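4 protein chains.
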Amino acid sequence: MKLRIGVIGTGAIGKEHINRITNKLAGGEIVAVTDVNQEAAQQVVTDYSLNAKVYPDDDSLISAENVDAVLVTSWGPAHESSVLKAIKANKFVFCEKPLATTAEGCMRIVNEEIKADKRLVQVGFMRRYDSGYVQLKEAIDNRVIGEPLMIHCAHRNPVVGDNYTTDMAVVDTLVHEIDALHWLINDDYESVQVIYPKKSKNALPHLRDPQIVIIETKGGVVINAEIYVNCKYGYDIQCEIVGEDGIVKLPEPSSISLRKDGKFSTDILMDWQRRFVDAYDVEIQDFIDSIQQKGEVSGPTAWDGYIAAVTTDACVKAQESGQKEPVALQEKPEFYQTFTTVEK
Amino acid sequence: MKLRIGVIGTGAIGKEHINRITNKLAGGEIVAVTDVNQEAAQQVVTDYSLNAKVYPDDDSLISAENVDAVLVTSWGPAHESSVLKAIKANKFVFCEKPLATTAEGCMRIVNEEIKADKRLVQVGFMRRYDSGYVQLKEAIDNRVIGEPLMIHCAHRNPVVGDNYTTDMAVVDTLVHEIDALHWLINDDYESVQVIYPKKSKNALPHLRDPQIVIIETKGGVVINAEIYVNCKYGYDIQCEIVGEDGIVKLPEPSSISLRKDGKFSTDILMDWQRRFVDAYDVEIQDFIDSIQQKGEVSGPTAWDGYIAAVTTDACVKAQESGQKEPVALQEKPEFYQTFTTVEK
Amino acid sequence: MKLRIGVIGTGAIGKEHINRITNKLAGGEIVAVTDVNQEAAQQVVTDYSLNAKVYPDDDSLISAENVDAVLVTSWGPAHESSVLKAIKANKFVFCEKPLATTAEGCMRIVNEEIKADKRLVQVGFMRRYDSGYVQLKEAIDNRVIGEPLMIHCAHRNPVVGDNYTTDMAVVDTLVHEIDALHWLINDDYESVQVIYPKKSKNALPHLRDPQIVIIETKGGVVINAEIYVNCKYGYDIQCEIVGEDGIVKLPEPSSISLRKDGKFSTDILMDWQRRFVDAYDVEIQDFIDSIQQKGEVSGPTAWDGYIAAVTTDACVKAQESGQKEPVALQEKPEFYQTFTTVEK
Amino acid sequence: MKLRIGVIGTGAIGKEHINRITNKLAGGEIVAVTDVNQEAAQQVVTDYSLNAKVYPDDDSLISAENVDAVLVTSWGPAHESSVLKAIKANKFVFCEKPLATTAEGCMRIVNEEIKADKRLVQVGFMRRYDSGYVQLKEAIDNRVIGEPLMIHCAHRNPVVGDNYTTDMAVVDTLVHEIDALHWLINDDYESVQVIYPKKSKNALPHLRDPQIVIIETKGGVVINAEIYVNCKYGYDIQCEIVGEDGIVKLPEPSSISLRKDGKFSTDILMDWQRRFVDAYDVEIQDFIDSIQQKGEVSGPTAWDGYIAAVTTDACVKAQESGQKEPVALQEKPEFYQTFTTVEK
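Chains as they are written, first to last, in our numbering: chain U, 250 to 593; chain L, 250 to 593; chain E, 250 to 593; chain B, 250 to 593.
Extracted from the complex, chain U is given alone in its bound form (with noise of 0.2 angstroms):
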């Protein structure tokens, strides 16, 4: 029996979702989608040949009886109030970062899934998922290089567009590396500081670019986070550990050499898709997976979430102030205490 899913949002990312699940990923099919453009959301349907209804909103999708789980990928202020009500109808759900788009609207999800007492909320934060990532959270975890003590690590983009602002560099771009960091060593973020280095000739007048985001742990480990999203060189994501006895680093993506024209080289992506593709794939066939198997979802929780969602909140402070800011997470609850990691 198949996992019955839902998607509320059929832009570019729910349209990839989709196309996973009906055409490269097993145990899933999808019966439902719905968007604030119907006729985008019947293209959808025509277009990857699906036997799903197009509802008129997420409610009414939510509540479809054939729907087990959904899949949120609408915009982001329209997340929290998709997530509310899956929980409440005791439904699964996958919902693309950010689960909110204030701490407070994640804390909500969490003190619903709470009360809801089943693990139904999963991110979207792929790396987890990633060959490379989940090779780090193994040695790290089996202790090859003691206790970890240093980040450093780089997240940089060929180019990014018109719209991309100042703090989207830590709210949409360094999101990913808060979330996967905190994972990979078991830690909390205690305060952050953001400085400008030079500006780049190649970003936008109204764009700081590059930034260095040093984030430090209640555990004492210190993380240097570059983040330069018009490197023009391609898209790039580096990170490193120092521990106290060995460094483990992640490895370029795999791809031929070549010996050519004086030049011993090999291609840097251009192109951030292709960096995660694998990492998506396994993010949704475990999310598919865990419910059928297990009942629960696993992978990223809510409370995953709230930290993201409180940790970019004081980076973006820190851009603005220049100083140290604190991350004040509220206590971690009893609930999630056992989620911590991906489950292998």
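Some clues are possibly wrong.
Heads up, the list lumps identical chains together, so a pair's fine if it works in one copy or across two of them.
Claimed, not checked - DSS-like, lysine-lysine: derived pairs with alpha carbons at most 27 angstroms apart:
(1) Lys581 / Lys367
(2) Lys467 / Lys450
(3) Lys512 / Lys447
(4) Lys447 / Lys573
(5) Lys467 / Lys448
(6) Lys448 / Lys581
(7) Lys264 / Lys251
(8) Lys543 / Lys251
(9) Lys467 / Lys566
(10) Lys581 / Lys566
(11) Lys251 / Lys581
No lab work stands behind these hints, which were simulated from the structure alone.
These numbers come from a predicted model, not from an experiment.
Knowing the structure of chain U, use the given hints to seat chains L, E and B on it.
Quick look at chains L, E and B alone, frame taken from chain U:
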């Protein structure tokens, strides 16, 4: 509508493909299984919760009306017969290597498929679906390195069992290079020669290990292929194509790097199955998708199976003679002229 | 005619340079030595079969008529006095770091050299002569990566002795980066900040280790420098410069690769002396050749020694204050404007 | 006291060694030069400001009382005669390859040196002094990879001149591998075979390029050596030794890495002289030091020169015959039994 698949042979590789189709890939379902050991076949149905009927033999499975396509994963000597029956029944068939145990057997399949006038047969050479090989193929086809002149490759296993014999080094091991290399460079083999280096102390008394096979193509490319199946250190596949203007080389499998104890290291796989696990997935998904979307299979053809058989025969002869032996291929039938590469 | 050299201080580094000049390099000869331990000085003459006179002190050595140039390899607090005497005697002088133990002391040397109106003083910052740093410098100067924006670097030692204190992390260790980085990017330092990550269990109780130093330049480049002197795994120097249009990175020291026991590895040096042994040779040969060929020294200037002193002072202050501290450099004298880089 | 050196042949390589000894190395001085072109010899004395006498011929130079050692850097056909004269005069002699143009010529030198009963002759095979080869040798001698079984190597030049002929691929190019490989594995050659791949469009009409040489040793090691002297992309030396338990491989020359324009790259040298420049320095310094310290040369012996001659002869024969040809070495004289490796 899913592709309804029957599986002939429910041993290790059969179970893997059943699991793959059932739990990892989209578009296919196992509806029929058979095995010389009927209990084993029944057990597989139970273990994987299949909604599949157990048939007493390949004839009955192939002729079942609800079977659209068959996977032949029985032992080698049984392949030819099952494949011929499938073609005669106008069913699509994916056959693990070898297509047949003799060149004549492969030719009978080739002729049967030509008679059917439809691409029904795909042979299980999964390397063509490996990301690294696909990149090599693209680079060569795009003439990034000019005309290929030489290939240096190696196929190394950490260890082999007692039943592994000297001829298996070419028939079971090198056969993957034999298929992949002529596909990579769009060329045909002309002759083969086998040289035995000093025998490794790691090899059992009855086995010549390592071996070096020199293959020359009709186009003049010289391939030197090292086979070393008791190398201890890992499962390691190397392939480097030297062209007129540059060199392309297969990447190492993606792995985190570690700095520890005076060493900068990455892990080498010890297990061949992990090396090509993604390629197997892509291969079977391609089998399903090609049938569903084009009404024909793509990927390695029966003719490719014939090439592998003739070439490994020549290698075995060269192992014994110590001489350069011709690879006596018949002329390529018109029918196969256009089916040379994986569709992109 | 060889350059006749006197050596002040015949400890470890003094002996190395004596050996280098006598047995590895061309154009120089040791004609005079002195040490506070006269017996040690005499022993060196014997051990290296030098045709050299032992002097009672630096004054007498410097004023010896047959001494063309002096190497100051005594302990740090004695450097300033010997260098000043050498300048006054119009002798060329190569001084190991620190040029002087205070910024004021460095400035006295600067002023004395300006008064002499001749480049007499070279400071022993050997990284500028390391092949990797030279390549980085060329790439940056040739604008291969556009304007530098950020530098990520690390200075790691396997272990340090009991007498290594927290301030030595900047004064003795980071000082090499401090000299090399402003030279690499042709910029001056503006401020420094020190962050202490969780302390490593490998560090002795009295020592803060690791440390992260954030340096901002007048031009807006942000440097984050990791110092970890009990990292156990090796002596490891990393340096990566992120420019507007690309990134250049220091190579790993050249080492054969090994595939064995499931690992693909290269060796990491455990010993700092082997890391820069070639750079030391090139450095001293350049000292000899510049004098012989141009009648002036080249390489790091007294002003560079002053920069190092002021910057390490600011770092020590930042270690204590936890705040961002200014690097209060005086204006660069006209005299040093043209002596910014190693001659190629 | 410096080693007083006379140079026979002041062409390109002669000038390089003169410059090296005069301006880069310690312990030697050029006191005598000769050349068939006396003006050229005189010009070199002027250009390098040598305190050296120009002799009319090799006889007079060799017999000069103040000449302790000679470098033979004349053209190949003149080597044998000068070396024989030097031995008879009991002078140390460093001879660039070839030691003699025939195996018989080499044997005459061998016999003369045995008669002198003193190691007087060093042949200019500089690879043994290259850091990478030295590391390979250490790893093999320390049995890091167990018994060597196979060697894969390549010698690639970007381009060669019009006068480069097919036999030069072995006589002038592969000869360096021929010397280095038997030294690396402490073995002797048994047979050689040459295979011609498709000819590169980059090669001139008269030249077979690339070539593959298969060499088998008495111990059963199989070497496959690629020679491609018009590969365009760079000067590239590859060497990988496959042992029973692991593989060691020569490193790429040290180079900064660059991320730019979608490529992660390092530079490949275009110029062979830069590849082994350090090895040349170490080689000549070792020649000087060994004489000064031990009263004998070390490094490649006259017997090694003989091995190179016999092996390249067999290769040329194999180029013509297309067959496997024996490497018919005489028995190694007792005298050379102990001079197999570079002293460490």
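Hints, verified against the model:
| no. | hint | result |
| --- | --- | --- |
| 1 | Lys581 / Lys367 | within (16 angstroms within a copy, 62 angstroms between copies) |
| 2 | Lys467 / Lys450 | between (37 angstroms within a copy, 17 angstroms between copies) |
| 3 | Lys512 / Lys447 | between (30 angstroms within a copy, 24 angstroms between copies) |
| 4 | Lys447 / Lys573 | both (20 angstroms within a copy, 17 angstroms between copies) |
| 5 | Lys467 / Lys448 | between (31 angstroms within a copy, 13 angstroms between copies) |
| 6 | Lys448 / Lys581 | between (38 angstroms within a copy, 26 angstroms between copies) |
| 7 | Lys264 / Lys251 | both (19 angstroms within a copy, 21 angstroms between copies) |
| 8 | Lys543 / Lys251 | both (14 angstroms within a copy, 26 angstroms between copies) |
| 9 | Lys467 / Lys566 | both (19 angstroms within a copy, 25 angstroms between copies) |
| 10 | Lys581 / Lys566 | within (23 angstroms within a copy, 38 angstroms between copies) |
| 11 | Lys251 / Lys581 | neither (34 angstroms within a copy, 45 angstroms between copies) |
Consistency note: the structure conflicts with earlier hint 11 alone.
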